[in-house]
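Quick mapping for you: the protein sequence lines, in order, are chains A and B.
In terms of my numbering, the first sequence is residues 1 to 110.
In terms of my numbering, the second sequence is residues 1001 to 1114.
There could be a bad hint or two in this list.
Mimicking DSBU-like on lysine-lysine, the simulated pairs with C-alpha atoms at most 30 Å apart in a straight line are [stated by the list, open to error]:
no., chain 1, residue 1, chain 2, residue 2
1, A, K97, A, K56
2, B, K1068, A, K36
3, A, K97, B, K1078
4, A, K97, B, K1024
5, A, K70, A, K36
6, B, K1068, A, K97
7, B, K1068, B, K1024
These are calculated hints, taken from the structure and not from any lab test.
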Amino acid sequence: GEDVEQSLFLSVREGDSSVINCTYTDSSSTYLYWYKQEPGAGLQLLTYIFSNMDMKQDQRLTVLLNKKDKHLSLRIADTQTGDSAIYFCAERSNTGKLIFGQGTTLQVKP
Amino acid sequence: DAGVIQSPRHEVTEMGQEVTLRCKPISGHNSLFWYRQTMMRGLELLIYFNNNVPIDDSGMPEDRFSAKMPNASFSTLKIQPSEPRDSAVYFCASRPRGWDYGYTFGSGTRLTVV
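If we strip away everything but chain B, and leave its shape as in the complex, we get (with noise of 0.2 Å):
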């Protein structure tokens, strides 16, 4: 089991530019989170789905945030415009249905805005 991916690792980009983060959840998880970590904050709940279906999106900061699960395999995390302030880790985590273990995380996609 190749766990969580994410992709990419690192990214760099200006100000303004669109951002999209990547995910691929575990085979057979039908829940996906995404999730921000910064230092001032710590890690806020963005937006989780289930089967797919967005659940709730009420930690997306602003509506320069997006997030879209087209298949049970993948899922993107876009910010248009993307500002200094969106610099932080990202990441995805999954569970199968019904699981109440705990989440699988991914290894972070770490995005620096400049």
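Just chain A, with the same shape it has in the complex (with noise of 0.2 Å):
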């Protein structure tokens, strides 16, 4: 079945970086996002990668991605306060719908 793992709690210190791990479950999953997700709002989609890559990276932003292992890692570098929020694991499934995770959140302490 699909499913999405995630660990729901992360402190880090401000300049520190920040690494957001995730497992799933579906081999056949094409695309895996991140999002973000800050008080009071909706879901922003921070970054997304496709499964035959194994690194992404995006200014502060790289995504890593072991296939084999089904895990993919957010890594925030330098983070900030303003980086505190929630963030999502998500898969494609092969109908076209998004498995989310719990959500991990991130603490930032200056």
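Dock chain one against chain two, each of which comes alone in its own frame, and use the hints as you go.
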């Protein structure tokens, strides 16, 4: 079946790197995504990676994909207080719908 | 582009009342999704439409929930009768045909049933 798992909470100090991890079960997933949700807001697409890639970098964000282990990670370099939010990992099922993890709350301490 | 527009932003209603949530997708997007977010269950897909046709409603909790998409620019999610356990944030999202680069979400409707 389709399932996406994330750790629930991560706390880092401002300026450090944050690494948020995710595992998924559907090996046929073609795209995987990271979304960010700030308090009281909807989900905002941060980045995505195609399943034939193992890394994607976009400014401070680096996505790593280990397809063999079905493991996805999001690294945020030089984490800022404005990065405090809930981060969701999602996989695209073969029916086209997105399956989301439970979300990881990132707390950035000054 | 105004994005995905949901209304109302907040709704407080009494148990047993009918609640209607509204969504206007981005113009040109032909897929629309309704999600529910709670602390206990996270983000759950309730139903989605392609070209105004419901494709998968397996996430709709029970018969009290119904969704319609009468045209490409409008969708409703109705709960009748509402119950306290329906309290959640309901999100609408849309994407264009063949677009695999994620959905665009609305800001959500926070529903409280007392």
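Evaluated hints:
1. K97/A x K56/A: holds (22 Å)
2. K1068/B x K36/A: Judged against 30 Å, a Cα distance of about 28 Å means the pair holds.
3. K97/A x K1078/B: holds (21 Å)
4. K97/A x K1024/B: Holds, at about 19 Å.
5. K70/A x K36/A: holds (21 Å)
6. K1068/B x K97/A: At roughly 18 Å apart (the allowed maximum being 30 Å), K97/A and K1068/B satisfy the hint.
7. K1068/B x K1024/B: holds (12 Å)
The structure shown violates none of the earlier numbered hints.
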